[in-house]
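Participant: Chains as they are written, first to last, in the working numbering: chain X, 1 to 412; chain V, 1 to 75.
Hints are computed from structural coordinates only; laboratory data are not their basis. Check the hints yourself; a few may be wrong.
Said to hold, decoys possible - Below, computed lysine-lysine pairings styled on DSSO-like, alpha-carbon distance capped at 30 angstroms:
| no. | chain 1 | residue 1 | chain 2 | residue 2 |
| --- | --- | --- | --- | --- |
| 1 | X | Lys84 | V | Lys9 |
| 2 | V | Lys54 | X | Lys67 |
| 3 | X | Lys383 | V | Lys9 |
| 4 | V | Lys54 | X | Lys409 |
| 5 | X | Lys385 | X | Lys35 |
| 6 | X | Lys287 | V | Lys47 |
| 7 | X | Lys311 | X | Lys51 |
| 8 | X | Lys67 | X | Lys51 |
| 9 | V | Lys55 | X | Lys70 |
| 10 | X | Lys35 | X | Lys67 |
| 11 | X | Lys385 | X | Lys287 |
| 12 | X | Lys67 | V | Lys55 |
| 13 | X | Lys70 | V | Lys54 |
| 14 | X | Lys67 | V | Lys47 |
| 15 | X | Lys67 | V | Lys2 |
| 16 | V | Lys47 | V | Lys2 |
Stated by the list, open to error - Cβ-to-Cβ under 7 angstroms is the rule here; a few derived chain V residues that face chain X:
| no. | residue |
| --- | --- |
| 17 | Val15 |
| 18 | Asp18 |
| 19 | Ile35 |
| 20 | Ala36 |
Every residue gets a Cβ at the ideal spot worked out from N, C-alpha and C, and that includes glycine.
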Amino acid sequence: MERRVVITAASAITPIGREREEILRNLLGGVSGIKRFTQQDDLLAPYLHSKVYGLVDYEIDYGFSRKYVKTLGPVSYYACQAAKEVIAQAGLSQDMLSSGRVGVAFGSTHGSPTVQRDIYEAFFDNERRGYAKINATDYLKSMVHTTAVNITRMFGITGRVIASCTACTTGSQSIGYGYEAVKYGLQDAMICGAADERDTTTVAVFDNLLACSTAFNDEPHRTPRPFDVERDGLVVGEGAGAVMLEDLEFARARGAAILAEVIGFACCNNGGDLILPNADGVIRTIKMALENACIRPEDVDFISAHATATKVGDVVEAQAISSEYGDRPVVVGFKSYIGHTMSACGAIETIFTLYLMQEGIVVPTLNLEEVDPRCGMINHSLKVKELPIAIASVHNFAFGGVNTVLLLKRWS
Amino acid sequence: MKFILGILKDEFEIVNPDLDANLTEAYEFDSIDAIALLEYVEEFINKPLTQEEKKRAMEIRTVNQICDFIESVLP
Numbered sequence: 001m002e003r004r005v006v007i008t009a010a011s012a013i014t015p016i017g018r019e020r021e022e023i024l025r026n027l028l029g030g031v032s033g034i035k036r037f038t039q040q041d042d043l044l045a046p047y048l049h050s051k052v053y054g055l056v057d058y059e060i061d062y063g064f065s066r067k068y069v070k071t072l073g074p075v076s077y078y079a080c081q082a083a084k085e086v087i088a089q090a091g092l093s094q095d096m097l098s099s100g101r102v103g104v105a106f107g108s109t110h111g112s113p114t115v116q117r118d119i120y121e122a123f124f125d126n127e128r129r130g131y132a133k134i135n136a137t138d139y140l141k142s143m144v145h146t147t148a149v150n151i152t153r154m155f156g157i158t159g160r161v162i163a164s165c166t167a168c169t170t171g172s173q174s175i176g177y178g179y180e181a182v183k184y185g186l187q188d189a190m191i192c193g194a195a196d197e198r199d200t201t202t203v204a205v206f207d208n209l210l211a212c213s214t215a216f217n218d219e220p221h222r223t224p225r226p227f228d229v230e231r232d233g234l235v236v237g238e239g240a241g242a243v244m245l246e247d248l249e250f251a252r253a254r255g256a257a258i259l260a261e262v263i264g265f266a267c268c269n270n271g272g273d274l275i276l277p278n279a280d281g282v283i284r285t286i287k288m289a290l291e292n293a294c295i296r297p298e299d300v301d302f303i304s305a306h307a308t309a310t311k312v313g314d315v316v317e318a319q320a321i322s323s324e325y326g327d328r329p330v331v332v333g334f335k336s337y338i339g340h341t342m343s344a345c346g347a348i349e350t351i352f353t354l355y356l357m358q359e360g361i362v363v364p365t366l367n368l369e370e371v372d373p374r375c376g377m378i379n380h381s382l383k384v385k386e387l388p389i390a391i392a393s394v395h396n397f398a399f400g401g402v403n404t405v406l407l408l409k410r411w412s
Numbered sequence: 001m002k003f004i005l006g007i008l009k010d011e012f013e014i015v016n017p018d019l020d021a022n023l024t025e026a027y028e029f030d031s032i033d034a035i036a037l038l039e040y041v042e043e044f045i046n047k048p049l050t051q052e053e054k055k056r057a058m059e060i061r062t063v064n065q066i067c068d069f070i071e072s073v074l075p
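Okay, chain X solo, but in the shape it has when bound (with noise of 0.2 angstroms):
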C-alpha cells in the first residue's frame, strides 16, 4: 500500500525568527541570523578561531509544567516547543496522538552537549563526590534520542520512535523516513525534525577542520557566502523545526488544512570517506529521489542546496546539480541567512522551501557577490523574484558520507 503523503502544519525556532511572516519578512529583507559570538563558557569559546554563529537570541516562552520540564535538556526545550506548534497548528486531537497512528521522527547531533558536559565535570570535581555529582535525570536530558522522547512524553504520543541522529541529514532524515512511515501505512501522521542546541564543541571540531569561517568576525552578517569567491568557511547555528506529516486521506477527513506534499525521498551513504564530499553519491541521491518521485529533473524548479560555504562542498554540490538538473532550477543557500544548524538544517530549510512555495517567490542566496566560476554552472537566485514553484528538492549532506534529498510538490 502507498498513500500520499502531505504537510498539514510547520513550525521552525531559526537564527532569523520563528513565526512564518517573520522568518518571510526577514528572508526577503535579506536579513541575517548571525551575530558575533560572545558566550563565555570557559571552555572553548575563547580558543576558537571562529566568532561567528547563528544565534536564537530572542526569549522563547514555553510554558511546559514541571512534569515535563525536569528531563528537557536545552535541545529538547526546542524540539518540543517546535512540535507543540506543530500539534496545535494541525489540530490532532489528543485521542489521535495517543491511538497509536500516530508517531514521532525526531533528532538530534547528539542529544544535549550542554547537559554532557555537566555530566562529565564528575570526573573532574576536587572534591570526589563522584558518580552523586551526576543527576538523577541527566541521562533523559542528554542521551541523543531526548527530543523524540520527551516528544511523546509530553503529548502522550504512542506510536513509533524514530530519532535518527546523522550530524546535518538528522533532520531531512527524519522527515524523510516519516514520509516513508505514511507512505507504507505504518502510521497515519508523524511529527517530524529535528533540533540541536547552542553548543562550542560542534564550532570547535569545524574550526580545527578549518571548516569554519573566521574571515568575518567582525561582520558577521557577511558570512556565511555560499558559492561565493570569497567563502571561507560555515557558520554554526542553532534551532529547530517541525512538520507534520500525515496521510492526505486522514488529512481530508478531519478537515485538516493542506500546506504542500512530499512526493519524494531518498538517503544513500558515498561509502568511504566520512568527511569529503562525494559527487557521484549526490548525484546517485538525486537520481534516486526522482525515481522515487516518479519525476523527470526537468520538473523541479527550486533547489535548496545543502550550500555550507566550504571551499569544495558547494563546489561539488553544484557540479552535481549541474549534472543532473543543469542550469533550470532556482538554487538557494538557506544557510547564508541562519548558519549552518546541524542536525536542524534539513527541517529548516525544508519549512523555508515551503514557505517561498506558497507565496510563489525566490529570494537570493545571501552574500552572493561574485560567484565562485566552479560553481557558475548552475541558475544561482541572486534577487529576490516572483517564481511559481511546483516542485522543490531540498539537500542536504553530512558527516559519515550521508546524503539526503527531499522531494516537495505545492498544494494547488
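Keeping the supplied structure of chain X fixed, place chain V upon it in accordance with the hints.
Facilitator: Just chain V, lined up with the frame of chain X:
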C-alpha cells in the same frame, strides 16, 4: 516532616499533600521524581544512601512513609 513538605512544595509543586495519599496517584509523582527526591534526602542526612536503602525507598508511596524512611536512615 517540615523538610519533606518544603522539598515537595519547592521542587515538585506539591502543596499541602495528604500525608497518607499515594503520591503517584494523587500528585503525578513519578519514578523520575522519586530518584530526584532521594538526592535531596542524601543532602539532608549528609551521607550517600546505600543501594539497599535506595531499593527500599522505591517501595515508598506516601509522605508519611518518606518520613519513616528518613528516620530509618539517619546516621
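Participant: Please go over all the hints and tell whether each is borne out by the structure.
Facilitator: For each hint, the structure was consulted:
1. Lys84/X <-> Lys9/V: OK: lysine 84/X and lysine 9/V at ~27 angstroms, within 30 angstroms.
2. Lys54/V <-> Lys67/X: holds, 22 angstroms
3. Lys383/X <-> Lys9/V: The given pair, whose Cα atoms are some 57 angstroms apart, is violated under the 30 angstroms limit.
4. Lys54/V <-> Lys409/X: Violated. Lysine 54/V to lysine 409/X sits at ~56 angstroms, over the 30 angstroms cutoff.
5. Lys385/X <-> Lys35/X: holds, 27 angstroms
6. Lys287/X <-> Lys47/V: At roughly 63 angstroms apart (the allowed maximum being 30 angstroms), lysine 47/V and lysine 287/X break the hint.
7. Lys311/X <-> Lys51/X: holds, 19 angstroms
8. Lys67/X <-> Lys51/X: Measuring from Cα to Cα gives roughly 37 angstroms; hence the hint is violated.
9. Lys55/V <-> Lys70/X: holds, 22 angstroms
10. Lys35/X <-> Lys67/X: violated, 34 angstroms
11. Lys385/X <-> Lys287/X: Answer holds: lysine 385/X to lysine 287/X is near 28 angstroms, not above 30 angstroms.
12. Lys67/X <-> Lys55/V: Distance of about 23 angstroms is within 30 angstroms: holds.
13. Lys70/X <-> Lys54/V: holds, 20 angstroms
14. Lys67/X <-> Lys47/V: holds, 28 angstroms
15. Lys67/X <-> Lys2/V: Status holds; Cα separation ~23 angstroms.
16. Lys47/V <-> Lys2/V: Holds, at about 19 angstroms.
17. Val15: Constraint on valine 15/V not satisfied, violated at 12 angstroms.
18. Asp18: violated, 19 angstroms
19. Ile35: holds, 4 angstroms
20. Ala36: With a minimum Cβ separation of about 5 angstroms from chain X (threshold 7 angstroms), the hint on alanine 36/V holds.
Violation of the numbered hints given earlier is confined to hints 3, 4, 6, 8, 10, 17 and 18; the remaining hints are satisfied by the structure.
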